[in-house]
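Colleague: Each chain, letter by letter, is given below.
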Amino acid sequence: MQKSHAKEHGPPEAAGSFALDTFLDGIWKENPVFVHLMGMCPLLAVSNSVVNAVAMGLSTLFVLVNSNTVVSLIRRWVPGQVRIPTFVLVIATFVTVTEFLLQAISLEVHAALGPFVPLIVVNCIILGRAEAFASRNPVLPSILDGLGTGLGFLLAIFLMGAFRELLGAGAFLGMDVFGPDFEPWVVLILPSGGFFTLGVLMLGVNWINQRAKRRPAHAHAVHTPREAA
Amino acid sequence: MNTDSLAYVFLNATLVNNFVLMLFLGICPFLGVSGNFKTAPRMGVAVTFVMVISASAAYGIHELLTALNLRYLELIAYIAVIAATVQLVEMFIRKVSPPLYRSLGVFLPLITTYCAILYVALFQTARGYTYLHSVVFALGAGLGFTLAIGIMSGMREEIDLADVPAMVKGTSMTLLVAGMLSLAFMGFGGLGGG
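Just so you know, the sequences run in chain order L and E.
So the first sequence is numbered by our numbering: it starts at 13 and just counts up by one.
So the second sequence is numbered by our numbering: it starts at 70 and just counts up by one.
Think of the hints as simulated: they come from the structure by calculation, not from any bench.
One should not assume that every hint holds.
Listed below are several chain L residues computed to face chain E (Cβ distance under 8 angstroms; list not exhaustive) [stated by the list, open to error]:
hint, residue
1, Leu200
2, Ser204
3, Gly206
4, Asn218
5, Ile220
Computed from a predicted structure; not experimentally measured.
Cβ atoms here follow ideal geometry from the backbone N, Cα and C, with glycine treated the same way.
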C-alpha cells in the first residue's frame with residue numbers, strides 16, 4: 013500500500029506501466045491476504061467448499077471495484093474528518109446491492125454464505141483500499157487497483173476452498189475426485205481446518221519468498237513482504 | 070436445555086459457538102493484538118463494551134425500521150451506530166486511562182470494522198431476540214472473545230521463547246496454534262449447541 017503512494021507522483025511517461033503495476037501488485041506482491049493479513053474472517057469462514065469460496069471472492073471483488081470507483085469520484089468533496097464514515101456508507105450501499113443480486117442469482121449460495129454477505133461491509137480490504145488508494149487517485153487507476161486486489165483475494169480464497177474441499181470431502185466443485193476408497197479428512201471442513209489450511213498456505217508463501225530471496229540474481233524482481241504482525 | 074433460556078444463549082455464545090474459534094469473527098484483532106498477555110484481555114473488555122451498547126442500539130433500530138417498513142436500510146443503520154459507539158468508547162478510554170489508550174493504538178478505532186460486532190446485531194435480528202436476550206448474547210459473545218484472545222496471548226508469549234523454524238515463524242505459527250485451540254473448543258459442542 014505504501015508503495016502505491018510513493019508511485020503516485022511518478023513521471024507521466026510511466027503512466028502505462030504504473031497502471032499495470034497497480035493491477036498486478038494486488039494479485040501477488042501486495043496480496044491483501046498473504047502479505048497484509050486482511051480479510052481473514054470471510055477467508056476462513058466460507059472457504060469450506062469451492063463454490064462458496066468463489067461466490068464470496070466474486071462478491072468481494074464486485075463491491076471492491078464499485079466502492080473504489082465511487083470513492084475516487086467523490087474524493088474531492090469529502091472532508092477529511094468524515095471520510096471514514098462516508099466510505100463505510102458507500103461500501104454498505106454496494107453490499108446491500110450485492111446481497112439482493114446474490115439472492116436473485118442463487119438462493120442456495122446465498123443461504124450457504126449466510127451472514128458473511130452483509131459482513132463484507134466490515135472486510136478491512138475494502139475500507140483499506142478506499143482509504144489508502146481510491147481516496148487519493150483518479151478513477152481509472154482506482155478501478156484497476158480494485159480489480160487487482162479483488163483478484164488477489166479471489167485467488168487466496170479459491171486456494172483455501174480448493175484445498176479444503178479436495179482433502180476434506182474428496183471432491184472438487186461437488187464432483188467426486190478420489191473415488192469411493194478415499195477417507196475424507198473431515199477436520200479440514202470443520203472450523204479448525206480453516207486455521208490449519210491458512211497456516212499451511214502462509215508457510216508455503218513464506219517458503220516461496222525465502223527461496224526467491226536467496227537468489228540474488230533476481231533480487232530486483234522480488235518484493236520483500238513486510239514483517240508479519 | 071431450553072433454547073430460549075438466557076443461560077443457554079449466554080453459554081452458546083461464549084463456548085459452544087465461540088466467536089473467534091468457531092465462527093471466525095474478529096480474526097483481525099485476534100491475530101493483531103494477541104501478542105501481549107497484558108493488553109489482550111483489555112482489548113476483549115473494550116470489544117465486549119462496544120458489543121453490548123451496539124446490540125442495545127441495534128434492537129431499537131430494528132424496531133424502528135420495522136415500524137417504518139424500511140428494513141433494507143438496516144445494514145447501513147447498524148454500521149453507522151457501531152461507528153458512533155466506537156468513537157464514544159475511544160473518547161471514554163482516552164479520558165479514563167491514557168496508558169491503555171496508547172497500548173491499544175490503532176486497533177481501537179478499528180473496532181468499527183470488526184465483523185464480530187456487526188454479526189451480533191445481524192444475528193439477534195435474524196433470531197428475533199428480545200431486548201434482554203440481545204444484551205445477554207452480546208455479553209456472552211464478548212466474554213468468549215476475551216477468553217479466546219486471552220488464552221491465545223498467553224500461548225503466544227510462550228511460543229516467542231521457543232525455538233521454531235524460521236519458515237513457520239509469525240502468522241503461520243499463530244494460525245496453526247489457533248487451529249489446535251479451535252479443535253479443543255469443539256469439545257464444548259457436547260454442551261448442546263449447534
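Colleague: Now tell me, hint by hint, if it's right for this structure.
Modeller: For each hint, the structure was consulted:
1. Leu200: violated, 10 angstroms
2. Ser204: holds, 4 angstroms
3. Gly206: Holds, because the Cβ-Cβ distance from Gly206 (chain L) to chain E comes to roughly 6 angstroms (cut-off 8 angstroms).
4. Asn218: With a closest approach of 5 angstroms, the Asn218 (chain L) hint holds.
5. Ile220: With Cβ-Cβ at 10 angstroms, over 8 angstroms, it is violated.
In this structure, the hints that do not hold are numbers 1, 5, in rising order.
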